[in-house]
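S.K.: Construct the entire structure; sequences and hints are all you get.
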Amino acid sequence: MSDSPNPPHSQPPEVASVAASPDRSQGIEFKLSDYQWQHRILLIFTPSTDSSQYRQQMQAWQADAAETDDRDLKLAQILGTGESQVDGRSLSSASAERLRQQFGITPEEFTVILVGKDGTEKQRSQTPINLVVLFRTIDAMPMRQREMRSRQ
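Be aware that the sequence shown starts at 538, since it is given in the working numbering, and climbs by one per residue.
Be aware that a few hints might be false.
To be verified - EDC-like cross-link-like pairs, simulated, lysine to aspartate or glutamate; straight-line CA separation at most 16 Å:
(1) K568 / D624
(2) K611 / D624
(3) K654 / D571
(4) K659 / D676
Keep in mind that the hints were calculated from the coordinates and are not lab data. If you're wondering where the values come from, they're calculated on a predicted model, not measured in any experiment.
M.R.: See below:
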């Protein structure tokens, strides 16, 4: 656009203001491919933060931060109602909906999905996942085996 002969003020005001200050309530655009080969993602789909299954999964997650960090694991919380987040940042509603469609999850369902560094689904559960079981799944992956050998 810098080569354009039109001056910047020729843009309609509403377009200019959106471009200048994005609406933070919209959240970030999230694509699994942005994390591929660098992070594993734990997707928690839940109707809301009031769900007992969601609260149980979050308690387990918070109790083992060192182990999740060691496994390059990031958390994405996809809520049916409320603010969805990835790694503590607000997620756009469009991104949350795309994830629901990609994995076939309705807004009313509770589901936990582990996505590997290669971007594919590795584990799925309709109940909270015990992190010991999750870590065993991750630790059995060939890429994780290489990571553990290279960190020794």
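S.K.: Hint by hint, work out which the structure violates, then give me just those numbers in ascending order.
M.R.: none
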